[in-house]
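Chains A and B are the protein sequences, given in the same order. FYI, my numbering numbers position 367 of the first sequence as 367, with every residue one higher than the one before it. FYI, my numbering numbers position 164 of the second sequence as 164, with every residue one higher than the one before it.
In case anyone wonders, no lab produced these hints; they're calculated from the structure. No experiment lies behind these values; they were computed from the predicted model shown. Every residue gets a Cβ at the ideal spot worked out from N, C-alpha and C, and that includes glycine. Don't take each hint at face value.
Simulated DEER-style distance windows between Cβ atoms [claimed, not checked]: (1) A:27 - B:155: 22 to 28 angstroms; (2) B:67 - A:26: 40 to 46 angstroms; (3) A:25 - B:175: 39 to 45 angstroms; (4) A:25 - B:103: 54 to 60 angstroms; (5) B:155 - A:49: 57 to 63 angstroms; (6) B:86 - A:387: 45 to 51 angstroms; (7) A:385 - B:150: 51 to 57 angstroms; (8) A:42 - B:86: 25 to 31 angstroms; (9) B:73 - A:28: 23 to 29 angstroms; (10) A:387 - B:46: 28 to 34 angstroms; (11) A:289 - B:188: 42 to 48 angstroms; (12) A:389 - B:217: 53 to 59 angstroms; (13) A:24 - B:175: 35 to 41 angstroms.
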Amino acid sequence: MRKRIHFILLMAVMAMGPALVSCQSDDTDMDDIIALYQMEPVAVELDFSQLTEAPDVPVTDENDSAYNDYVENSPWNKVINIAFDGGNATVTGSVPGVAIQRNGAHLTIMNMSGPVKFVISGKTDNGSLKFYGDKRFQVLLNGAEITNPNGAAINNQGGKTFYVVLADGTVNRLQDGENYTMVDEEDQKAALFSEGQIVFSGHGELSVIAVGRGGIRSDDYIRIRPGVRIYVNSSALDGLRANDGIIVDGGVVNIVTTGVGAKGVRSGGEMKVNGGRLIAVNDGDPRVETDENDTTSCAGLYCDTLLTINAGILKFKATGDGGKGLNAKHNVIFTGGSFQAVATGTRKNKKPKGVKIDGNFAISGGYFYAYSRRSDPLEVNGTLSVAQGYKTYDQLPKVVIIQY
Amino acid sequence: MLLCAALLPQQLWADDSGLILNAGASRKIKKGLNVDVEAEFRSRNNFRTADRVSLGAAISYKLLPWLKASGGYDLLIDNNHEEITYQDDGVSYNNWRPSYWGVRHRFNVTLTGSYKVQRVELSLRERWQYTYRPSKFIKNFDFDEGEWEDHEVRGKGKNMLRSRFQVEWDIPKCKFDPFASVEFHTTDVLEKTRFIVGVEHTIKKKHSFKLYYRYQNVNGSGGDDEPNIHMAGMGYTFKF
């Protein structure tokens with residue numbers, strides 16, 4: 001009997017022993033890997049703080065293609081002052097060759113007289129400025145606040161350089177309306193619109209609120225010089241857009257866009273960044289064209305041709321579905337500066353990428369950071385060239401960091 | 001068993017190994033009619049990971065001296081294997097579903113025919129079984145989304161035919177009876193084959209012990225997420 005009990009006990013111990021040690025998981029250890037995939041991005045927020053910039057030295061060589069972009073290189077002895085006050089505008093000064101039509105606070109100005117400086121001040125909730133004429137001119141915003149419920153606040157139909165100078169220390173504001181009253185064969189694409197190139201300069205502030213169309217737009221190019229402080233909030237179309245290129249030499253530019261398919265900054269031509277601080281935060285979802293089965297996603301920065309970044313602080317964030325921090329359709333050359341692009345949106349219609357470059361990407365300096373929560377942080381469809389000498393080159397599932 | 005293991009081809013050493021422990025009781029209700037209950041534990045991952053716990057009950061009736069019919073139910077509590085899927089590049093992760101415990105219900109109907117040739121008993125068992133897995137919500141890590149998601153493992157049922165051929169040898173004056181069997185698990189294809197060799201020891205017709213080695217070979221086209229596995233088995237049945 002005792003032998004049998006011992007036998008049964010032995011069998012029980014033999015059975016229970018291995019069973020008790022079978023408590024280990026056979027799953028792959030994913031903790032560290034999942035931590036990489038759940039990595040949070042750096043904060044990309046608007047930054048209105050002061051920026052210390054190198055002195056802005058105007059080009060003095062008349063043969064330099066940028067010579068005419070410097071407001072300092074033109075004589076501004078012809079001056080007209082326009083002061084808004086509610087539904088009226090007071091015009092002082094006259095210049096031969098300049099005709100001004102008034103309809104309440106809506107002013108139409110025909111300039112056939114070379115460089116003329118228009119000094120704008122005062123506030124109107126129902127006014128606008130519209131310029132005609134193929135002569136370059138300057139608008140000095142000297143504490144102006146213009147809202148046009150039916151279209152652009154400032155609309156330049158001329159094709160020559162439009163200097164927007166922000167008077168030192170002033171705060172200026174432009175706002176469009178939800179519905180634009182259009183004129184045949186005339187474009188009116190933004191709260192601040194120009195057929196010709198726009199050059200921003202000065203040491204004041206400009207806020208552009210766009211609810212109907214884009215914020216700032218030129219059918220030519222846009223140059224932003226050091227010292228300016230621009231804030232664009234567009235709930236409709238692109239924040240800052242130029243058909244033929246954008247040059248950022250400096251300044252502090254903050255852009256918020258929330259429109260469907262909108263871009264914070266959009267350049268149809270070559271874009272160069274040589275300094276300043278440019279931040280664009282985009283919350284829009286993609287525009288889905290059901291007829292053509294086409295989808296256009298939002299982006300902090302969208303560039304159709306070559307993008308060159310030499311210096312400056314660039315931050316882009318897209319939080320909408322399929323949004324990109326940077327969407328470059330051509331090559332990107334990065335030689336210096338600090339660049340951060342973050343995409344945190346979903347991927348229902350499009351894949352959200354931190355940086356998407358259809359051409360080549362060559363980087364040889366500066367700090368580059370790209371993040372995507374739900375897709376590739378960096379997609380380069382051409383050749384990716386990372387020059388030797390970098391201190392950091394991290395390629396993680398959601399983040400790519402290159403630092404020199 | 002050790003000899004069998006030593007004789008295994010080299011590639012079989014790469015297969016998983018585990019343990020089967022079962023304990024049961026059998027009660028004779030009347031002549032030819034029996035009720036059985038059994039609990040079972042299985043491990044995998046070279047004995048380190050619990051694989052399954054099950055509880056079962058069956059009733060059997062001897063239709064003829066050589067033919068027995070039975071029906072039964074098993075509650076299976078499985079530790080389902082993790083599942084990893086990859087992107088099109090075959091390297092980047094797509095989804096990870098960690099292992100999880102889930103329940104299945106299994107019903108079976110069995111016919112067993114046996115034939116004795118001197119001290120050797122041959123038997124053929126044909127078992128139809130239906131297994132139902134209820135739906136269950138589990139956590140799934142989506143690497144694209146970078147977050148955990150609720151994922152529904154949908155309920156499904158599965159029919160299977162299990163055909164087992166067994167040989168038992170009653171050695172004179174020996175308290176240990178060796179046996180061997182081969183069993184085929186078939187749906188619309190052969191899903192797996194099990195080979196078993198072992199011995200049975202019975203004490204006073206009440207306590208029955210089994211020690212056996214089982215090798216399971218899984219056909220690649222099988223639907224279940226099971227590996228080829230070597231298993232050491234120990235069983236105890238109390239008859240009353």
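We went through each hint and held it up to the structure:
1. A:27 - B:155: 22 to 28 angstroms: holds (24 angstroms)
2. B:67 - A:26: 40 to 46 angstroms: holds (42 angstroms)
3. A:25 - B:175: 39 to 45 angstroms: For residue 175 of chain B against residue 25 of chain A, whose Cβ atoms are near 41 angstroms apart, the range 39 to 45 angstroms holds.
4. A:25 - B:103: 54 to 60 angstroms: violated (19 angstroms)
5. B:155 - A:49: 57 to 63 angstroms: Because 58 angstroms falls inside the window, the suggested range holds.
6. B:86 - A:387: 45 to 51 angstroms: violated (32 angstroms)
7. A:385 - B:150: 51 to 57 angstroms: violated (43 angstroms)
8. A:42 - B:86: 25 to 31 angstroms: The hint (25 to 31 angstroms, Cβ to Cβ) holds, given that residue 42 of chain A and residue 86 of chain B are roughly 29 angstroms apart.
9. B:73 - A:28: 23 to 29 angstroms: For residue 28 of chain A against residue 73 of chain B, whose Cβ atoms are near 35 angstroms apart, the range 23 to 29 angstroms is violated.
10. A:387 - B:46: 28 to 34 angstroms: violated (50 angstroms)
11. A:289 - B:188: 42 to 48 angstroms: holds (46 angstroms)
12. A:389 - B:217: 53 to 59 angstroms: holds (57 angstroms)
13. A:24 - B:175: 35 to 41 angstroms: Holds - the Cβ-Cβ distance for residue 24 of chain A and residue 175 of chain B, about 37 angstroms, lies within 35 to 41 angstroms.
Comparing the model with each numbered hint stated earlier shows that hints 4, 6, 7, 9, 10 do not hold.
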